[in-house]
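Enquirer: Top line first, the protein sequences correspond to chains A and B.
Start counting the first sequence at 19; every next residue gets the next number (the numbering used here).
Start counting the second sequence at 501; every next residue gets the next number (the numbering used here).
Take these hints with a grain of salt, some might be off.
[Said to hold, decoys possible] Below, computed lysine to any residue pairings styled on SDA-like, alpha-carbon distance capped at 25 Å: (1) Lys-585(B) / Arg-598(B); (2) Lys-613(B) / Asn-29(A); (3) Lys-613(B) / Ala-32(A); (4) Lys-585(B) / Leu-531(B); (5) Lys-638(B) / Glu-687(B); (6) Lys-613(B) / Tyr-101(A); (7) Lys-515(B) / Arg-105(A); (8) Lys-638(B) / Pro-616(B); (9) Lys-613(B) / Trp-34(A); (10) Lys-515(B) / Met-106(A); (11) Lys-613(B) / Asp-100(A); (12) Lys-568(B) / Tyr-101(A); (13) Lys-688(B) / Ile-35(A); (14) Lys-638(B) / Arg-612(B); (15) Lys-688(B) / Ile-36(A); (16) Lys-503(B) / Val-596(B); (17) Lys-541(B) / Met-519(B); (18) Lys-688(B) / Asn-29(A); (19) Lys-638(B) / Arg-676(B); (20) Lys-688(B) / Ser-632(B); (21) Lys-585(B) / Glu-527(B); (22) Lys-515(B) / Gly-108(A); (23) Lys-613(B) / Thr-104(A); (24) Lys-515(B) / Met-107(A); (25) Lys-520(B) / Gly-593(B); (26) Lys-638(B) / Gly-723(B); (27) Lys-613(B) / Met-106(A); (28) Lys-568(B) / Asp-100(A); (29) Lys-688(B) / His-731(B); (30) Lys-520(B) / Tyr-509(B); (31) Lys-585(B) / Met-519(B); (32) Lys-520(B) / Ser-578(B); (33) Lys-714(B) / Ser-579(B); (34) Lys-688(B) / Ala-32(A); (35) Lys-613(B) / Thr-103(A); (36) Lys-613(B) / Arg-105(A); (37) Lys-688(B) / Trp-34(A); (38) Lys-613(B) / Gly-96(A).
By construction, these hints were calculated from the structure, which means they are not laboratory data.
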Amino acid sequence: MVTTATSFGRNGVADWIIQRFTALVLASYTLFWVAFFFITPEINYTIWQELFSQLWMRIFTLLALLSIAAHGWIGLWGVVTDYLTTRMMGSTGLVLRMLVLGIYAIVTIAYLVWGIEILWGAK
Amino acid sequence: MLKVEVYRYNPETDKTPYMKTYEVDTEGKDLMVLDVLEMLKAKDASLSFRRSCREGVCGSDGVNISGKNGLACITPLSSCVKNNKLVLRPLPGLPVIRDLVIDMSQFYAQYRKIEPFLQNDTPAPAIERLQSPEDRAKLDGLYECILCACCSTSCPSFWWNPDKFVGPAGLLQAYRFLADSRDSANEKRLNGLSDPFSVFRCHGIQNCVSVCPKGLNPTRAIGHIRNMLLHSAT
Ligand code: SF4
Ligand code: SF4
Ligand code: FES
Chain A
19 MVTTATSFGR NGVADWIIQR FTALVLASYT LFWVAFFFIT PEINYTIWQE LFSQLWMRIF
79 TLLALLSIAA HGWIGLWGVV TDYLTTRMMG STGLVLRMLV LGIYAIVTIA YLVWGIEILW
139 GAK
Chain B
501 MLKVEVYRYN PETDKTPYMK TYEVDTEGKD LMVLDVLEML KAKDASLSFR RSCREGVCGS
561 DGVNISGKNG LACITPLSSC VKNNKLVLRP LPGLPVIRDL VIDMSQFYAQ YRKIEPFLQN
621 DTPAPAIERL QSPEDRAKLD GLYECILCAC CSTSCPSFWW NPDKFVGPAG LLQAYRFLAD
681 SRDSANEKRL NGLSDPFSVF RCHGIQNCVS VCPKGLNPTR AIGHIRNMLL HSAT
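Looking at chain B on its own, in the form it has when it is part of the complex (with noise of 0.2 Å):
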């Protein structure tokens, strides 16, 4: 029998959140993370947590899998259970609004921030922007991101202040529109970048991609950024 420390919390009837031990056979298979969730779902239907794809796509099942964020539903048990036991926890950071699921608002605030959509003042031309296979291959490694916020709840700098420094999801983001040849706004989108919390805070510990499940690297993007800052100001 799986022993599975889960955190538990119900802001209507719990005090203070705690952690419930559950056991669950797992026949000897090696599951994912999300399957053992619902088999626990199965047995006590007060727990929650998000999902939707069940296969790495939509980003919802982020959680804190024994100490490391990443997806439940394409972490294999084989790789984060230890001594027999599987501790699962929300995602740190972010306020908890029950069991596993977080309020993810001041993430999708600092994206919002960086205006994710192509801007382009020059006349549309008569059928689409073109874009050089060159070009386009900047994009790569950027455009994957589900947003599933791993990245961003494992870092330190996030946390201490998530009003005001954008976050390793964010900044891919924001890299992702600055490297596209399409997009005429960089003037603008470096400005709003400049101030000393949005890209500087980041501190290069690289815990963002050490976490990331799409195998990204925002640390990189964010190295770009900060190049991109100083020759702007130069």
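Only chain A is shown next, with the shape it has when bound in the complex (with noise of 0.2 Å):
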């Protein structure tokens, strides 16, 4: 089925257990920022510059930019299943399917590509 192959974890299971886990991450990733901002009296250079050259924070936000690329993939996928459908549109459904999808895959990718390099690359 052309519809499945494109599926995260070709799997619901795995796909469901992903798009639970990926939530927890961004919840607690959200919950760190209110935390830290609440309890940070006043944030300048030094203490951002000091937060992210700590491995956990690196790994952390890294984690977190994985997670919003996979929750976003499996949960387009699943909207995009659901209103552009071969069966309602022929085979309009799948070129608009996969355009939203290679749109959503670019910009993610590039997203992601580029914090790896905010988070490893600055000195």
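Put the complex together from the two separate chains, hints included.
Expert: Structure, rendered in structure tokens:
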């Protein structure tokens, strides 16, 4: 099945687990930032630099970036296989689906590479 | 006089479906929707709808009653008439054959897919396969389904993918056999459900629960199937 081939884990169970796990990562990352801004009276370059010089923070941030990519992919794949189906639109459905997912993939990979460069490239 | 708007479509003569308004004298009685349909049929013999038992047992008269799926024979007017108006449409999401009669092939195809029959390879005992009262109790809330399709045709996930998502009715029955202590085909059954569509298209909106005329809860059954799938995967 063409539509199944593009699902992230190629299996509903894997997709479901990935979706929940990435949601947890993103929720904790968000909570971390809320807490951080809350307890840090003044944020300046030194504090920022110190935070991101720590390995755990870089890994945590990378994990969040990867989670956004995977979470968004599975979510978007779910949406387009609901509304842009071959059953309703014929081959137009497939073309539109590939287009939407293709754009998402390009944008996401670009941000991912950029993010990694920011995290590990800066001195 | 009660105003009744009915979805009409005869593919042989009508280009598009249309709503036709009738007036019915209910003499102030709280009739069932099916009674009103019968009165309309007496007036206008061209109107088509399905019904059989007229007591909520056969599941053939599922229709969309003022926006909510239900069985016409057990839905009293008092529960669905607003501003003296009743609106009747076919169950949504499946092809219309004529008026309120829909083509349920897709619905039955999904039912067939879950293999709704007991499977057990062990040698059959001399008399019967026994089941403890506790195990039998696990089938309550599952076996009562009359396959009226009210649930599946109220489910958006089924509207969009009726060919791939099993739908609440089929999944309730899938769980009915997964939960049966006498059935030994669980592994095969679960394998057939682990793709991203069959079960996982359910997003837990519970439209199915809110319309089931038998008060069953497909969402809960789907949750059980999902847990079984997660267990068998880990
Ligand atoms: S679960 Fe309820 S609504 Fe769905 S087919 Fe069975 S009886 Fe009808
Ligand atoms: S709970 Fe699941 S099966 Fe029921 S209506 Fe919602 S998506 Fe459909
Ligand atoms: S006529 Fe049988 S369920 Fe309504």
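Enquirer: So, for every hint listed, does it hold in this structure?
Expert: Comparing the hints with the structure gives:
no. : hint                    : in the structure
1   : Lys-585(B) / Arg-598(B) : 23 Å, holds
2   : Lys-613(B) / Asn-29(A)  : 18 Å, holds
3   : Lys-613(B) / Ala-32(A)  : 22 Å, holds
4   : Lys-585(B) / Leu-531(B) : 14 Å, holds
5   : Lys-638(B) / Glu-687(B) : 19 Å, holds
6   : Lys-613(B) / Tyr-101(A) : 24 Å, holds
7   : Lys-515(B) / Arg-105(A) : 22 Å, holds
8   : Lys-638(B) / Pro-616(B) : 16 Å, holds
9   : Lys-613(B) / Trp-34(A)  : 22 Å, holds
10  : Lys-515(B) / Met-106(A) : 20 Å, holds
11  : Lys-613(B) / Asp-100(A) : 21 Å, holds
12  : Lys-568(B) / Tyr-101(A) : 23 Å, holds
13  : Lys-688(B) / Ile-35(A)  : 21 Å, holds
14  : Lys-638(B) / Arg-612(B) : 22 Å, holds
15  : Lys-688(B) / Ile-36(A)  : 24 Å, holds
16  : Lys-503(B) / Val-596(B) : 23 Å, holds
17  : Lys-541(B) / Met-519(B) : 16 Å, holds
18  : Lys-688(B) / Asn-29(A)  : 16 Å, holds
19  : Lys-638(B) / Arg-676(B) : 8 Å, holds
20  : Lys-688(B) / Ser-632(B) : 24 Å, holds
21  : Lys-585(B) / Glu-527(B) : 15 Å, holds
22  : Lys-515(B) / Gly-108(A) : 23 Å, holds
23  : Lys-613(B) / Thr-104(A) : 21 Å, holds
24  : Lys-515(B) / Met-107(A) : 21 Å, holds
25  : Lys-520(B) / Gly-593(B) : 21 Å, holds
26  : Lys-638(B) / Gly-723(B) : 15 Å, holds
27  : Lys-613(B) / Met-106(A) : 22 Å, holds
28  : Lys-568(B) / Asp-100(A) : 22 Å, holds
29  : Lys-688(B) / His-731(B) : 14 Å, holds
30  : Lys-520(B) / Tyr-509(B) : 10 Å, holds
31  : Lys-585(B) / Met-519(B) : 13 Å, holds
32  : Lys-520(B) / Ser-578(B) : 22 Å, holds
33  : Lys-714(B) / Ser-579(B) : 16 Å, holds
34  : Lys-688(B) / Ala-32(A)  : 18 Å, holds
35  : Lys-613(B) / Thr-103(A) : 21 Å, holds
36  : Lys-613(B) / Arg-105(A) : 19 Å, holds
37  : Lys-688(B) / Trp-34(A)  : 20 Å, holds
38  : Lys-613(B) / Gly-96(A)  : 22 Å, holds
Against the hints set out earlier in the document, no violation occurs for any number.
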